[in-house]
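Protein chains in written order, with the UniProt record's numbering: chain A, 1 to 216; chain B, 1 to 216.
No wet-lab data here; the hints were simulated from the structure.
A few of these clues could be false.
[Claimed, not checked] Capping the alpha-carbon separation at 27 angstroms, the derived lysine-lysine pairs in BS3-like fashion look like this:
#1 A:K199 / A:K110
#2 A:K136 / A:K93
#3 B:K130 / A:K41
#4 A:K93 / A:K111
#5 A:K93 / B:K41
#6 B:K23 / B:K199
#7 A:K130 / A:K13
#8 B:K142 / B:K130
#9 A:K93 / B:K93
#10 A:K173 / A:K191
#11 B:K93 / A:K41
#12 B:K41 / A:K130
#13 B:K205 / B:K111
#14 B:K142 / B:K93
#15 A:K136 / A:K191
#16 A:K93 / B:K23
#17 A:K135 / A:K13
#18 B:K191 / B:K13
2 protein chains.
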Amino acid sequence: MFVLRARIALNIKSVEHEITEEKFLADKNGLLRNLNPVYEKIPVLIHGDRPICESLIIVQYIDEVWASRPAILPCDPYDRAMARFWAVYIDDKWIPSVRAILLSEGEEAKKAALEDAIQGLILLEEAFTKSSKGKKFFGGDKIGYLDIALGCFLEWMRVTQKIANVNLIDESKTPNLFKWAQDFCADDAVKDVLPQTDKLLEFAKFYAVELKGSME
Amino acid sequence: MFVLRARIALNIKSVEHEITEEKFLADKNGLLRNLNPVYEKIPVLIHGDRPICESLIIVQYIDEVWASRPAILPCDPYDRAMARFWAVYIDDKWIPSVRAILLSEGEEAKKAALEDAIQGLILLEEAFTKSSKGKKFFGGDKIGYLDIALGCFLEWMRVTQKIANVNLIDESKTPNLFKWAQDFCADDAVKDVLPQTDKLLEFAKFYAVELKGSME
Numbered sequence: 001m002f003v004l005r006a007r008i009a010l011n012i013k014s015v016e017h018e019i020t021e022e023k024f025l026a027d028k029n030g031l032l033r034n035l036n037p038v039y040e041k042i043p044v045l046i047h048g049d050r051p052i053c054e055s056l057i058i059v060q061y062i063d064e065v066w067a068s069r070p071a072i073l074p075c076d077p078y079d080r081a082m083a084r085f086w087a088v089y090i091d092d093k094w095i096p097s098v099r100a101i102l103l104s105e106g107e108e109a110k111k112a113a114l115e116d117a118i119q120g121l122i123l124l125e126e127a128f129t130k131s132s133k134g135k136k137f138f139g140g141d142k143i144g145y146l147d148i149a150l151g152c153f154l155e156w157m158r159v160t161q162k163i164a165n166v167n168l169i170d171e172s173k174t175p176n177l178f179k180w181a182q183d184f185c186a187d188d189a190v191k192d193v194l195p196q197t198d199k200l201l202e203f204a205k206f207y208a209v210e211l212k213g214s215m216e
Numbered sequence: 001m002f003v004l005r006a007r008i009a010l011n012i013k014s015v016e017h018e019i020t021e022e023k024f025l026a027d028k029n030g031l032l033r034n035l036n037p038v039y040e041k042i043p044v045l046i047h048g049d050r051p052i053c054e055s056l057i058i059v060q061y062i063d064e065v066w067a068s069r070p071a072i073l074p075c076d077p078y079d080r081a082m083a084r085f086w087a088v089y090i091d092d093k094w095i096p097s098v099r100a101i102l103l104s105e106g107e108e109a110k111k112a113a114l115e116d117a118i119q120g121l122i123l124l125e126e127a128f129t130k131s132s133k134g135k136k137f138f139g140g141d142k143i144g145y146l147d148i149a150l151g152c153f154l155e156w157m158r159v160t161q162k163i164a165n166v167n168l169i170d171e172s173k174t175p176n177l178f179k180w181a182q183d184f185c186a187d188d189a190v191k192d193v194l195p196q197t198d199k200l201l202e203f204a205k206f207y208a209v210e211l212k213g214s215m216e
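Chain A on its own, in the form it takes in the complex (with noise of 0.2 angstroms):
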């Protein structure tokens, strides 16, 4: 999912570029051992001879390197600030939360681990009602740093309420994220690289046994 971020900076700005695929817990040819040797994880890109780490970080340099092509984050630095809270909060308390649905133990952890989830996408609906100012998008017109660190995941939300059989993005709880799900997988920036649901159903599945196996 973190490639995702990644890959749509590089179409907003119009950026050619190739895709080389690792496989998910291994490294055969120590790539990631290289590239990534305090993480050892995807995605890195390398630009020139020199790779950029963690999927935040690789999203503000590609808006920074291309500043002359449509903007990535929003221009005011209290915007600029409200985004990147927002990213961090999803990486650090929301996305734990959204993988515990899967991976807890228990239905009562299971129902807690949801919940947890679903009070963060509400806390993201009330920061998409004051970032969005009315307009489609975290970032307005267009879509924008706080639309893609969240956006990536709609697919893994997809599969984990199939998985889990739970609801995330409700449109009754959050209907105006609800309606930005729709209007951000869209879009042209997006469209072509999420990933086929089944395939993804698939890894998610592989994912709870290798994670639950490793955690044992």
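Got chain A; can you put chain B on it based on the hints?
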């Protein structure tokens, strides 16, 4: 410690400001609950009537609002990405290991935490060599984003060293950081905001007891 980041950034930019202290682990007036409802943590920068939360986001905000004054982040997008990468590494990986030196139960766990913290400093020593390009600071001739991100913990490291009877920034293992620490603490934007070691020592002992208590 995180508050120091905001204070040093305001000093670099010569921004007049007032400081309101909030008691640790208490928020009797509900001030933090109002200003930073998501985390209820300090620092919060109030600029005009708008709160900005999270120390690294505050530092970037200050850099962008007072953009014509001395720069805090590097100018080059790649250098900016590297500074952001290591700042996040400090918060997400390195600080938890330093904290664990004080909070871990048992000698073996403390030793492992110390080893992690020192390995982290060795990585940061390498980052320093690349980033400083032979100059005094991560930021070159003047202190910048990564100097602030790490430097705010120097007094805390000293206190940890005293309490746990360990050595963190060691001249033999990380000679460049050893020298950097002296230059950082002597800097005009820094020297008057550093906490007094004896006060911090008192706080650290309280902190260790409180945090251990809250984890039990």
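Here is what the structure says about each hint:
A threshold of 27 angstroms between alpha carbons decides the hint, and for K199 of chain A with K110 of chain A the separation of about 24 angstroms falls inside it, so the pair holds. Of the pairs offered as hints, the one joining K136 of chain A and K93 of chain A holds, with about 25 angstroms between alpha carbons and a cut-off of 27 angstroms not exceeded. Between K130 of chain B and K41 of chain A the CA atoms are separated by roughly 22 angstroms; this keeps the pair inside 27 angstroms, and the hint holds. Of the pairs offered as hints, the one joining K93 of chain A and K111 of chain A holds, with about 16 angstroms between alpha carbons and a cut-off of 27 angstroms not exceeded.
Annotation: proposed proximity of K93 of chain A to K41 of chain B holds, straight-line Cα distance about 15 angstroms (limit 27 angstroms). Restraint check: the Cα-Cα separation between K23 of chain B and K199 of chain B comes to about 14 angstroms, which is no more than 27 angstroms; the hinted pair holds. Taking the CA atoms of K130 of chain A and K13 of chain A, the gap is near 25 angstroms; set against the 27 angstroms cutoff, the hint holds. Restraint check for K142 of chain B and K130 of chain B: satisfied, since their Cα atoms lie roughly 15 angstroms apart, inside the 27 angstroms limit.
Annotation: proposed proximity of K93 of chain A to K93 of chain B holds, straight-line Cα distance about 16 angstroms (limit 27 angstroms). Our distance criterion of 27 angstroms between C-alpha atoms is met by K173 of chain A and K191 of chain A, whose separation comes to about 25 angstroms. Proximity of K93 of chain B to K41 of chain A is assessed by CA-CA distance (about 15 angstroms); at most 27 angstroms being required, the pair is judged to hold. Distance check on the hinted pair: K41 of chain B and K130 of chain A sit about 22 angstroms apart at the alpha-carbon level, within 27 angstroms; holds.
Distance hint between K205 of chain B and K111 of chain B is fulfilled; the C-alpha atoms sit about 19 angstroms from each other, no more than 27 angstroms. Restraint check for K142 of chain B and K93 of chain B: satisfied, since their Cα atoms lie roughly 26 angstroms apart, inside the 27 angstroms limit. Our distance criterion of 27 angstroms between C-alpha atoms is met by K136 of chain A and K191 of chain A, whose separation comes to about 16 angstroms. Distance restraint check for K93 of chain A and K23 of chain B: the Cα-Cα separation of roughly 25 angstroms lies within the 27 angstroms cut-off, and the hinted pair is therefore satisfied.
Straight-line distance between C-alpha atoms of K135 of chain A and K13 of chain A comes to about 21 angstroms, which keeps the hinted pair within the 27 angstroms bound. Distance restraint check for K191 of chain B and K13 of chain B: the Cα-Cα separation of roughly 15 angstroms lies within the 27 angstroms cut-off, and the hinted pair is therefore satisfied.
Taken one by one, the earlier hints all hold for this structure without exception.
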